[in-house]
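Enquirer: This is what each chain is made of:
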Amino acid sequence: SKFGEYGGQYVPEALMPAIEELDDAYRRYVLENEDGFVDEFRERLRDFGGRPTPLQRADRLSERYDTDLFLKREDLLHGGAHKLNNALGQVLLAKYMGKERIVAETGAGQHGTATAMAAAHLDVPCEIYMGERDINRQRPNVFRMRLNGAAVNPVTTGRGTLKEAISETMRDWATTVETTHYVIGSVVGPHPFPTMVREFQSVISEEARRQFDDQVGGLPDSVVACAGGGSNTMGAFSRFVSDESVDLYAVEAGGSSLAVDEEEGVAPNSASLSTGTEGVLHGARTKLLQDRDGQIVESHSVSSGLDYAGVGPELAYLVDEGRVTPVTVDDDAALEGFHRLSQTEGIIPALETAHAVAWLEQATSEQLGDSVVVCVSGRGDKDLESVIEETASREIPNAPDMDVFSGGMR
Amino acid sequence: SKFGEYGGQYVPEALMPAIEELDDAYRRYVLENEDGFVDEFRERLRDFGGRPTPLQRADRLSERYDTDLFLKREDLLHGGAHKLNNALGQVLLAKYMGKERIVAETGAGQHGTATAMAAAHLDVPCEIYMGERDINRQRPNVFRMRLNGAAVNPVTTGRGTLKEAISETMRDWATTVETTHYVIGSVVGPHPFPTMVREFQSVISEEARRQFDDQVGGLPDSVVACAGGGSNTMGAFSRFVSDESVDLYAVEAGGSSLAVDEEEGVAPNSASLSTGTEGVLHGARTKLLQDRDGQIVESHSVSSGLDYAGVGPELAYLVDEGRVTPVTVDDDAALEGFHRLSQTEGIIPALETAHAVAWLEQATSEQLGDSVVVCVSGRGDKDLESVIEETASREIPNAPDMDVFSGGMR
Amino acid sequence: MSRLDEAFADGPAFVPYLALGDPDLESSLEYVRALDRGGADVIELGLPFSEPIAEGPTIQSAVVRSLSGGMTPTKFFDAVETLDVDAPLVCMTYYNLVYQFGGSEARSASEDASGGTASEGAGPRPFVERAAEVGIEGFVVPDLPAEEAGPLREACDEFGLDLIFIVAPTTRGERLERIMERTSGYVYVQARLGVTGAKADVSDQTGASLDRLDRWDLPKAVGFGISSGEQAREVVAAGADGVIVGSALVDIVAEGTSAASQTASGDVAEGHENGDSTEAVADRLETLARELKRGALAGAERAQSERT
Amino acid sequence: MSRLDEAFADGPAFVPYLALGDPDLESSLEYVRALDRGGADVIELGLPFSEPIAEGPTIQSAVVRSLSGGMTPTKFFDAVETLDVDAPLVCMTYYNLVYQFGGSEARSASEDASGGTASEGAGPRPFVERAAEVGIEGFVVPDLPAEEAGPLREACDEFGLDLIFIVAPTTRGERLERIMERTSGYVYVQARLGVTGAKADVSDQTGASLDRLDRWDLPKAVGFGISSGEQAREVVAAGADGVIVGSALVDIVAEGTSAASQTASGDVAEGHENGDSTEAVADRLETLARELKRGALAGAERAQSERT
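So the protein lines, in turn, are chains A, B, C and D.
129 is the number of the first residue of the first sequence in the working numbering; add one for each residue after it.
129 is the number of the first residue of the second sequence in the working numbering; add one for each residue after it.
549 is the number of the first residue of the third sequence in the working numbering; add one for each residue after it.
549 is the number of the first residue of the fourth sequence in the working numbering; add one for each residue after it.
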C-alpha cells in the first residue's frame, strides 16, 4: 500500500472498513480475475470503450522533431479521454462488490462524464459532486452527466471547485459507505486507489508497448504524458517502468509561473512533482503544493484538468527514484502546443494533452531519442471555449485568426 | 454510373472533364489499388481514424426490445462521426490525383470538420463553404475547422444554409476545377460521387458483417441506419445488400409532419425516400422534396445533419427495388430516442443517430427479427445545445429535468 | 434553318439574358421589350430554379427575386405567350423544371391508380410542347450534359425547337464531338471557367475555344463575363458569331430594384425622382444593349477587314 | 493517569469543540472561556486545515472563517499559551499540519544543503513538542488512522500527551483492537456514519458501539450529532462516559457572526442591540454548555439508578 514513503491511507476511521473491503475486492476481482471480472472488463473496454486505441505515427511532427513520433490515441476512447478506462473498471468493480450506488467528484467534468457514462452503461445509480463554480464553467459536461441519468450535486462550500467537491464526496461516502462506492478519478487518494486506478489505466501502456513492437520493433526511447493527478501518466508509463532504456517524462502545468505566492496562498501552476513538497492530502502522502504551515495552496493551470495541488503517490515516488523525469510547460506554450497538433496532425487535443505536445518543442533531441510515444490523453472539444478566450487574451504566434469568434462560441 | 434510372451526371459542362478525371482516378486508385492507395487509406483509417470501431451489444436495449441488439459505434471514429471515412478517402485520393487544394461544403459542420481534419492530417490546403446562418448556429464546428487550419468561407446568398453552400462550392469548383478537388460529403452529387462515397463508407458494413459473424455467428436479421443524404446508411447497408435475409431499414427525419406545404414551399420533414418524388438535384437524378413545379422545397429536421431535400440515388433505387425499407421518425420521437440511448447505454448519440434508435421503439418484432445492427453514426456532443432548446420546448417524457439549463449552455 | 440560326445570319448577334419575373413579372416584360428595342438578335429568358448551381451571385440573386415574386413555369409560359418582340426567344432553365412540368396531373393520376406510390416527372415532352405553343425557339439547360440530353433532344426535334449546349474551355476531344452532334441553333461558348458574372477582361481561353470549334458551321455565341461594348467587340473580333450578356444587364435591374426598395420605405415620389421607375431601368437596359450591339458590329468589321 | 482521564473520573464529561480563530482569534478565545465557565470537562480546540474532509458543512464553514482570519499553527499555539481555563485542552487538526510544523526551517536548511531538492516535513515531533509547551494535553487527528499513527504516538509518549482515536460504527474486530491499543486519554466514539454535524436524534448505532467497547476501561466520549441536553442525557444513559459537542456550538458562533456581519453594513449600534456582540454569543454558548452538561449528568444518574 506504499510507494516508498508515499501513499498510505490517511482517511477518517469510518472509511477504513470500506477501504479494506475495496482492497480485498481489488485483489480478488482485478488481480485474480474472480468471477471473470477481468474478462468482462476487457470485453466492455473493447466493445463499449473502443479499445484498443491506435498508436499513430505523427508524420509531420516526426519530421519537425527529427524523431519517430507516435501518438497513443486515448482521445478516441468513448467519452473523449482516457478517463473511461478507470471509471468503467471501478463501476464494474462496484457491481461485483454488490454496491448499489456510485458517487464521484469532478472538477473539469471529465471524470464525472466518464463515470456517468459507465454507470448508465452498467445500470448503477450515480451521483456526481461538482463545485458550483465548476458547474458554471463546464456546462456541457454537466449536461452530458445529466443526459446519462446521473444526479449532479452542486457543492457551494468554499470556492466551489474540485477541492471542495472531493471533500463533499468523501463526506457522502463516509455516510453511505456500506452501500456506496466512491469512484476516485485519478491515481490519488488512499490505498488501494492509486494502485487500482493505475492498473485500470495501464491498458494504455500495455497496448502502446505491444503496438510499438508490432509497428516499429522493440521499445521506444521515451514516453511523454501530461501529469495532473497522474492517471494518464501512470497509465502511459506503467508497463514501461521496468524497461530501463525507456525515458519517462511527466509534463506538468507550469501555469503562469513556478513560484508560490505564500501571502495569497496561491501557486500559479500545478507542478507538484517539479516544485511540490511532501505532505498528506486526500488520503495519501505525496508531493503537494502547500505553504510552509502545510495548508494546501490554490493551484492554477489553463487546463482545468491539470489544476490540482496534489499528484499520485506512485509518481512522486518514481520521480524521487529518478525513474520519471518531471518537466513543466507554461500556459502560453501549452496553447501553442494545442494549435500545433490541431494544425499539423488534424487532432484537436485536450488542453491537458497540449502540455505533453508542447513539451516536445522544448525537449532536447537527446531527451526524445530516436522514437517517442506521446499519450494523447483526450480530445479538445471540451476546451474550445477556453481556448478561444485564452488565445484571444495572449500572443500565441501559431493561433488562427480569432476575429470571427470575438463574441465567443454563441 | 446509374442505379436504375437514378444517378447520372447533371452538372455544368465545365465540370464534366473533372468528373471524368475523378471517375478515372476512382477506378484506378480505389478499385484497382494503384500505387497502393487502398493500403494507405486502410492504414490511415486504422491509425488516424481509430478503425475498426466496435460492434457493441446493447444489453439494456436488447432486453427492452427482446432481440439481440448491436450498435455499430461510428461515434468513436476520430471527429465523432462516420464522416471521416469518406473525407479521409477523398482527400487522400485528391493527393494521389495531384490536386493542390480541397473545397467542401458543410451544413451542420460535421462534414466540414471531418474534411478539415483529413486535410490537416494530409497537409492539403482546405476551404470550407458554409452558410452564414449555419455558421452562427454551429460555432463549435466552425472553430474546429479553423483550428485545423481550414478557411471557412461564409455564404451569404439566399437563406445561408446547406443548399446555398453546395451551390457556392460548385461555383468555386467550376472556376478552379483543374487544381482543386471538391470533397462531397454524402452519397449524393454526380457520378462517381455516390458510388465512391458509398465505397469509402462501406467499411462500416464490412466490419459490422465480420464482427457480427465473429461475435454471434451468421448474419443479423436487420440493419437500421438513419438517412439524410445517406452516407452512413449506404455505408451500413452496402455489404448486406446481397444478403437477402437481412432487412435494411433507412430511418428518415419525419420532422413535425410528413405533409408538404406547397404555399410556403416547405416540407417540415426530410423524408425524401418516404415522401419524395423523382427529380434532378445537385448533379443526380434521385428522390426529392419538391413542389409540383419542380422547385426544391425547404426541408426540416430537429437534426440539422438530416436536413436535406435530396437523398443518395442508390438509396432511392434500393427503395424502389424493395430492398431497403424507408421509415420515418418525427422530431419528438427522435428526442426521446436521444435520451433513451444516453440513459440506458451511456452513449450520447448525434441527433441523426437518435432517429435510428428511436425507430426501434415503433418497429414491430417481426421487423427487428432476432438480431439487429443499429448504426450509431455519430456522437451527440455537437447537439447538446439543440437538445437543451428542443427538449425544453416540448413534452419529452423521458428527458432529464432541464431547469438547471434554463439559461442555455453558458 | 431555324429562327435562331437566322438571327446569326446577318452579322454578329447580340444575345442578352434576363430572368423573367425579376423583380416582378410586369417590369421584367418591360425590360425584355427594351432589350428588343436595343437591338437584341436573340433573347435568353431565364425561368428561375431554386438551386441555380451554374450561376454566379448576380444571376442567383435575380433568381431569388423572381421566385419571391411568385414566378412559376406556368406563369412563365403564359407571360411569354403575351410577349410581342422581334427577337426569337430562348428559355434558359435547369433540368428539374423541364422534367417535372406537366407532372402534377400525371402524378395525381398515378397516385390515384397505384394508391399513393411516388410518381415520376412527366419528362421533358410537356414542357417542350408548351414552350413551342407560346413561341419559344430553343433551350439552354446548364445542368444537362449531352450524355443525359436524349429525351429533351427528341422532344425538341418533335416540336422543331433548338437545344443549345454549352461548351466549356475544358471541353475537348470526344466530349466536344458528342456535344456538337447534339447542339442546334447555336453553341454557347463559355468564355472562362467558373460561373456567370460580369468581368472586366476577356479571357484568353475564348480564342482557344473558338479555334477548337472552327470546323463546325453552327453559330458560336460567347458568354460568361461580357459586360461592355469593348468586350463585345473583342470577342467578335476573335471570331465569335455572337455575344451573350447576362450579369451586366441583371446588375442594372438589381440596382434599380434595390434603389426602389430603399426608397419604398421613404417617400415614394423620390423613387421616381431618382429615376428608378421601371421605365428608367428599361431605358438603361436599352442603352447598354445598344452599346453591346455596336461593339459586336465593330468587332465583326474588324474581323472582316482582317480577313480581307 | 493523564489530565484527560481525570476529567472523566468524577462522572460524565462534557467535551465541547470550537475552531480557534472563528470568526477571529479574540472572540474565539472569549468563547472558549465561556465553555469553560459553562462546565466543560475537556475542550477540543480545532486548528483549521484547508481540506477538512471529515467535517460537515457547519465545521467546514468555521474552518473557512478561521483561515480567512489568518489563523496558523504558530498563532494557534501562541494563543493557547495565553489561555487560562480550567478544562484540559485537546487539539483537533489534520495530519498535514502536524507533519509540516517546524518544517519550514528544516526545509530551508535542507534546501541550502542539497541545492534545492524537495524536502520533507519535519515530522510530528516539533508539533507535539510545541503543543506540550503551551499546555495542550492531547490530539484528535481525524485523517490519521491507527496504521499510520506510529510517529505521532511516539512523539506523544515522549512528551506525555494523549492521542485520541476515533472509533466508527463500522470499526470492529481486529481494527478495533489495533485502535484501542494505541488510544490514550479517551476514545472518541463516532455516533453515526458520516461527518460532523448537529442532528435531532441519537443514533441506534451508538449503543452497539458502546457495547463493543465495553471491555476497555478507557473513557468513551460519544460525538457526532449531539445538539441538546436531552440527547446528551440519552447518550450517557446508554453508557457513554462523556459527550462531545461541536456543530451545535459552532452554529451559535456562525449565527452571531452572520448577524454581526449583516448589521456591520448598517448601524453598528444595532448589532449590539440585537445582542450579537462577542459577549452575547459567549453568553449563549455558556447557556448551551450548561444545558449539555446537565443533560450528561442526568443521563449518568439514570444509568446509575438502572445499575442499582
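What the hints contain is simulated information worked out from the structure, not anything from laboratory work.
Fair warning: this is a prediction, and the values are worked out from it, not measured in the lab.
Where is the CB? At the ideal position from N, CA and C, for every residue including glycine.
Do not take every clue at face value.
Below, a list of computed lysine-lysine pairs in the DSBU-like style, where the Cα atoms sit at most 35 angstroms apart [as the list claims (entries may be wrong)]:
id, chain 1, residue 1, chain 2, residue 2
1, C, K623, B, K223
2, A, K223, D, K623
3, B, K130, B, K223
4, A, K223, A, K130
Examples of chain B residues toward chain C, derived with CB under 7 angstroms [as the list claims (entries may be wrong)]:
id, residue
5, G164
6, F165
7, V252
8, P253
9, D421
Enquirer: Against the earlier hints, flag every one the structure doesn't satisfy and list their numbers going up.
Expert: 1, 2, 5, 6, 7 and 8
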